[in-house]
Amino acid sequence: MAVGATTGALLWGHGLWQRSGPEAAQRAQRAPEPGDPLTPQEIAAASAAATSGFTEHMAAGSLDLLYVERDDDKAATSRRAEAYLYDYAHDRLIVRTVDLGTSRIVAERAASGRQAPPSQREEARAAVLLLADPKLGPKVRQAYATAAGHRLGSAADLHLQSLIYPRTPCEAHRCLQMFVRLPGGRWLDTSRIVADLSAKKIRSLEW
Amino acid sequence: MRPLLALVALLALSPVPAAAAATTPTCGEPYRIDRTLPDGARWTMCWEMRNIEGLTLTQVAYTPKNGRAVGVLRSASLAQIQVPYDSGEPRYEDIGALGAAAIPLRAQDCPGGERPDQYVCVTTRPRGHAYFKDEPYASAQGDDLVVFSAFQVGWYTYLAEWAFGDTGTITPRVGATGSLADFTTTPAYGWPIGVGRHHFEESHSHNIFWRLDFDIDGRSGDRVEQYDFSGSGTTRRTMRRTALTRETAAVYRPMRWWRVVDYGVRNADGHAVSWEIDNSGSAQYRGPASERFTHADLYVTNYRACERLASENPTPRCADSVDKYVNGEVVRDPVVWVNVDFHHVVRDEDHDPMPTHWQGFHITPRDVTSTNPYR
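Chains as they are written, first to last, in this note's numbering: chain A, 655 to 861; chain B, 3 to 377.
This is chain B alone, in the form it adopts within the complex (with noise of 0.2 Å):
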């Protein structure tokens, strides 16, 4: 092998050093986490309780088997759970000060895991098959890392869970449990709990925002694309992408999705770096005028320290909701804020304590390695 190849060969397999050290997260013990799964993937990050958004994990790294360590997320947390009853109110905001609200978790509520503080869950849960096949014999489990808080909200209980994959997938979710606000409406509001058809339980939707601040290998050169694939009826599906380039408000579409890409970052087959979003599990509620925020799935925005929450933001002399931080700016540091949906139409298992319903998405890693993660 030539010099030249052989030093190229090298970089593609060991870690860079300038990289690694841009994905070392700046935090001690026991916030920082660090964690090599089973199959040899690592993922890095460190954890804070804040006292508004509630689990915040900042510095997210991930490390594919035999790969060299890449910074996928600054930040992620949670930015709003609103909460409207089916008849128009009541409509909670359930951001809240969350931290405040964090519920103490027993050694049964981690299972297999620590708790590096009694409010903060670190495990390991298998995932299934990696991969299967007959012929040549090929299959493997795959395994996620799971970092998850629990916070009582009024009747709610909320599990606020991140699992970040071997293969490099991060699923953000969250379970609402805990007991039911026990309102009861008329019939076209609400469905019949307990005996007969008295108690009319009110429907309601749980509209979940979640904020991420991509940093693929540090701020610089991240992009927004979304991608769509026309034709209905027809034999062809035609790939069409859009840059994101200025801040734009998002509504999911069946077979759109995005992805954050770093140009500058390459896999060892030269493709850029990306990781995709998913948001085809949401039941898309849309409020009046008056919750605007409500009015798209997914939104880009340029990085502003002082936009935290989707709705209600704390802070003085900044927009107040994630529709007007979408103002026409050019995006050069791209924060994404994911809306997911649910519409709970209450069932009989539904008593107390009410079983968990999750809510979520995928980010999916888009050519962060050049092959196979797991081989």
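One chain only, chain A, in its complex shape (with noise of 0.2 Å):
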């Protein structure tokens, strides 16, 4: 398959990150060069490829695709793309390749206790869990009202970022540590919680 055939509703169907929208596809007419970064349409070609067969454990939302990032192996002879996926259900990074020439998964490594970073996506749902929390949630929803003036419109305008928490107890499952600035620039105390994704709730820390 010709890579730049494919259209960008591959791409925003799979709900990928927003740097790989209208301005990176517009710049995607050319073919890529051996050096450039991934294309839209290349990611939307390698998150096709690389899912395939998971489309069920997607939309029960115990497996997800985090990102695909461009294969810098010196020792590849192909432009190649790695797709990273993380099984909740069994605690598992899968890393997958893609070569981009056939849209073909050429390895994949797979490895519980392993972590990669966090998803934009994986963010929107720890603060869908952060808000449910029955204790942390009213508290956060006050927080922001106090900051902004008006009630808190969904998660995603906490707009919260994160970073792996691989330690106790976050050792088996993947964890995020977040930070959720308010408006007007206070941010919240967050340091002792996270949001267990693969326990679906949030968590004390105790230090």
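Please note that the accuracy of each hint is not assured.
To be verified - Some, not all, of what chain A presents toward chain B, calculated at C-beta under 8 Å:
1. E687
2. E723
3. A765
4. Q769
Claimed, not checked - Sample of chain B residues lacking proximity to chain A, with all beta carbon distances greater than 10 Å (derived):
5. D41
6. L107
7. Y133
8. F134
9. T187
10. G196
11. Q228
12. R239
13. Y254
14. Y305
15. D343
16. Q361
17. H364
18. S372
Claimed, not checked - Only pairs whose alpha carbons sit at most 35 Å apart, straight line, appear in this in silico DSBU-like list of lysine-lysine:
19. A:K728 to B:K326
20. B:K67 to B:K135
21. A:K855 to B:K326
22. A:K728 to B:K67
23. B:K326 to A:K854
Since the hints were derived computationally from the structure, they do not count as laboratory data.
Beta carbons: idealized from backbone N, C-alpha and C, even for Gly.
Assembling the complex is the task here: the two chains are given apart, and the hints tell you how they should meet.
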């Protein structure tokens, strides 16, 4: 399949990162050179190939595509992409390498207890978990309303960012340490909680 | 001039076609950087905003004024920013999907430069005196090509900057600005900011790792050497060279430096082309046994595509930190990991927006040109 022929619809279907938006799409008019970043079309093609066989798991929320990175292995002779997937049901990180010339998976590595950085979709889910927490959710809403002067519209309004928290109690689970900047620039103190995406709940840290 | 000598002289002055082809970056607009500095030196490279490492520079090549192009780095990027607080917790690892944390740059954030993308600035910056002497009078000013991006990670804004000098120097550094975390602690772990002695803001470290895949005119032939100069309280200093032929975790000491050298690539004097690494500006943070990646200041590993970050490496079925990449393998294609640490004991001056504090190291050409690269 000629990757340039793929439409942008696939990309949006996977809800990938905004950076692959209109600006990048416009640039993708020419065929990529070997050292170029992935084009939106290539990301879409690699996403489709890498998630084949996982559609039901993804729909059920037990597995997700985190992001697609250009494979920069200098021994590689063809242009390739690495798709990062996380299986929350079995707590496994899966990296599938896709040959962009053939749109086929040419390698797969998977392991438990290994984490890749959070994706933006995961951060959106962490924000939902935070607001759904019976104790913390109301406090977050109150802090937001006080800072903004109006009620929180949706979880997306928190613009939550995160890092992986790999230590106790999250050695086996995928946990996000969160940062939330309220309107006006003040930060919520989220330093002692994490969003456990494997258990789908907020956990407290003891230190 | 005899024909053979004429040919040698021509080769010394002109770009060698084979090498030039190897140093032409295989990327197109807007990802290709090709900048000739006012002095005449030229740098070429590709940039990419990767999801995990953020700003990544590949296929970096340097052409001295009147010289030939030489490949320097196959790839260069940040490889971790660990931020442990002095009381022991919290301990953040700030990479982080840096690509998604990139901050759009405005025109004033990129003075005198261009933004090939809203997240990347490419500019030229004066560097002061290139040389200066009184008799016979000679004076010139130097310049750096600067490539940088900014990332918002929690409270901090990180400025990831690479400066490429007209003499072939490379100066990677990271500035931390933005806001303090506002963690209050006891006097043993912090410094009072604000009025009186109530709010002790917690001291912390930024332990930054860079990954540098040197390929001096291609991936073959590169070696790493460590240089030490023995003698303390004595009149003599004796040079000792140690070839790091196997993977190594090296600790910095005063009067110690390293170089990546390719004995198959020579300057016009017949000396091997190399780049020297000076990591004398680190606070040398050493974490607990569970963070052994913090226990050395420079690591040399044999190239493996799966070894990407100094800790929390995101690749399954690959070691998870740089100390474990070092496992006795013979180094045929060296990757150098440089660890520079900054201990931030907060001051009153660090109130919002916190003034930028910088940390980085120096990479200096050694025998890339056979004479002053400005002449």
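>> To test your reading of the hints: which numbers does this structure violate?
In response: Checked against the structure, the only hint that fails is number 14, while the rest are satisfied.
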